[in-house]
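Engineer: Heads up: the sequence lines are chains A and B, in that order. Start counting at 1 in the first sequence, then tack on 476, and there's your number in the working numbering. Start counting at 1 in the second sequence, then tack on 8, and there's your number in the working numbering.
None of these hints come from the bench; they were simulated from the model. A quick note: this is a predicted structure, and the numbers were derived from the prediction, not measured. Glycine is no exception: its CB is placed at the ideal position from the N, C-alpha and C atoms. One thing to keep in mind: the hints can contain errors.
Partner residues aside, some chain A positions facing chain B, computed with beta carbon under 8 angstroms [as the list claims (entries may be wrong)]:
# : residue
1 : D601
2 : L634
3 : A637
4 : G639
5 : N640
Derived list of chain B stretches under chain A, where covered just means 3 residues or more per stretch with a C-beta under 8 angstroms from a C-beta of chain A [what the hints assert, rightly or not]:
# : stretch
6 : 27-34
7 : 43-49
8 : 274-286
9 : 290-299
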Amino acid sequence: MRVIVNAESMMAMSHDSNNRAWRDGRVTQEELKAKVLATQLQGVGLKAFLCPGHANGISIFEEHRHAAEYEIYPVLLNASNYSRDMQQLGMVRFAWKQFRQLGIKNLLGIITIGIRHPRPILMRDFRYASMLLAAMEIAKFKMFHPRVVFLHPQITDLALANGNKDFFKLFANFVRGKYRAEAGLITNNLGFLLEKLEDWDIDVTHVVGPVNRQGYHMKPDQQRCEKLILNTNRVVVATEVTPSAIPSEDDLEYLRRLNISSLVVQLDNIPDAIKLIESIEQKQNDRKCVNG
Amino acid sequence: MKRVGVIGMGKMGIVHASILNALPDVDLVAVTDTNKGLHRQIYSMGIQSPFYQSIEEMLVKENPDGVYICTPTSANYGIAKLCVAKGVSIFVEKPLAIDLPNATKMLELVEGTEIKHSIGFMVAQIPTFRRAKAMLVEGAIGQLQQVEAKVYLSAVFSKQRMWFCNKEKSGGGAIISLGSYLIFLLHWLFSPVRHVWDSNIFYTSGNEVEDGGNAKLELESGIMATMDVSWCIHGYENMLLEIRALGSEGELTVDNSIVQVHRSDGSVNRVHVSELPDKASFYLGGEGYCLEDEDFVSCIGTDIEPEVTWRDGYQVQKVLDAIYRSAEARQRVAVGIGER
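So that you can see chain A by itself, here it is in the shape it has in the complex (with noise of 0.2 angstroms):
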């Protein structure tokens, strides 16, 4: 079973109670926390990370970036943090920190794409301004090069509320046709999606969601869920397994029965890393006995 972690959990960004100590014990080096946090992690065996394409997520990777430890997915689009920054810094004030983050060659890449399709920017068309933000995002984990790129739940379901295939269109071809990896998508509806995917033959390869024996959170229900994913020929990476850190045997093999190999876990220590890893690679070496 390969494990994923969590970037966001390690930053006190996710409102689990699981967070807790983390939260509580709220400091103003947070980042400098998650940073010792990762290279910790990466140490006792776990190095891919779903990772949110904003300043504070990357700059935990940063200073490993020529070293190749961490396997990155980036988790682009968290909308809750640009509207967020919007509101502090305005437009102009806004526009001006992302471009600040960029160096010369992917600032000329995006004047591309701005010149490419100048209207429906100018026009604030939601589409081709989530792509402009999207490569700006995406320029930054240039140095990781990320085999899959993953769009934010909250942008998924946004789109999949409403119905927008061409915007799920319009990110598999820009993730693939310009940075040559594959399209992810996370969300909270797994089970409409796939549907959706389908229907409309988009070309998504990895969908990450919820995925446990509760049935918790698997929309619209889990029986119906459960089939979409044995039917699927898309990569279903499993989260919300389990809401303690550590999934029991019976998580993993209903993930198994599913044809689940990947699941994503929210870790804000070490412990119970160690614990994870102990607990997934004693189970792997108790199925290899008794499959001989």
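Keeping the supplied structure of chain A fixed, place chain B upon it in accordance with the hints.
Structural biologist: Coordinates of chain B only, in the frame set by chain A:
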């Protein structure tokens, strides 16, 4: 099929319009905003219902069964008046009004009519808070003795031009925007608030509205509660809403994701949100928004009242008013002075 329109296409208008688009028995017949420039943006998001700049025109042409008012708070009364005149059911984003006199007028508009009215206290739909309510009713902590309530969000750290930092449009800052959730929860979980004292309000970001505050509240049951509110605190990228209730036989703590009871006998009952029934048909920005929309829409054209109504909004507004009065007068004040 219920015909519904959304008025005000800011963040909450987009959230509600998108959820309504995802619900099977709802037809989103119109979206309305005075800013014509938003039309292209909204359309490109996939919200392709007819766009209106005039509410009157939308009401006449589309004849909706219900509307969502998601405009700056100061506009609520005027819009509600137009909708009530057409007999349209109304969901309004919280708070009900910018101040108590306007909230009184709002409530008078709908009282005694067949119009369904609801208000966006989506916390009433969050499974952990619902479980906490059930546990308290069952007497999980014995006789209630004291309550602590807090809400924190990392949102406003500098001077902003947004409407919610403009007192004329919003009626206030963090207290009215976030504190209203706490007051609603106190009223909904325990009992209405009777008195307010030691109310302190602080301003740090340079805006004309407050960035937070705290107050002591006496509930009608005689229990004392404290509340602490801030929207300029680091480390809370997502809103933390937490209630801690102390009883004669234990302590209950609840937030968005977990409800825990530590009993005096040493036993602990901890329930994570994933262990609770998950009834929302679509998830966008949390299950609370979808569930409140489903509840409101299902009540339109029936004899059933929405779970949270403007009467609840009015109760909250009375306490908000008392908090501001107490802070200004630096003394204990009664809730609802001068009310209808």
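Engineer: It remains to establish, for every hint, whether it holds in the given structure.
Structural biologist: Verification of the supplied hints:
1. D601: holds, 4 angstroms
2. L634: holds, 6 angstroms
3. A637: holds, 4 angstroms
4. G639: holds, 6 angstroms
5. N640: Holds. Min distance 3 angstroms.
6. 27-34: Coverage by chain A holds for the stretch 27-34 of chain B (3 residues, Cβ < 8 angstroms).
7. 43-49: holds (count 3)
8. 274-286: holds (count 5)
9. 290-299: Result for this restraint: holds, n = 4.
Checked against the numbered hints above, the structure breaks none of them.
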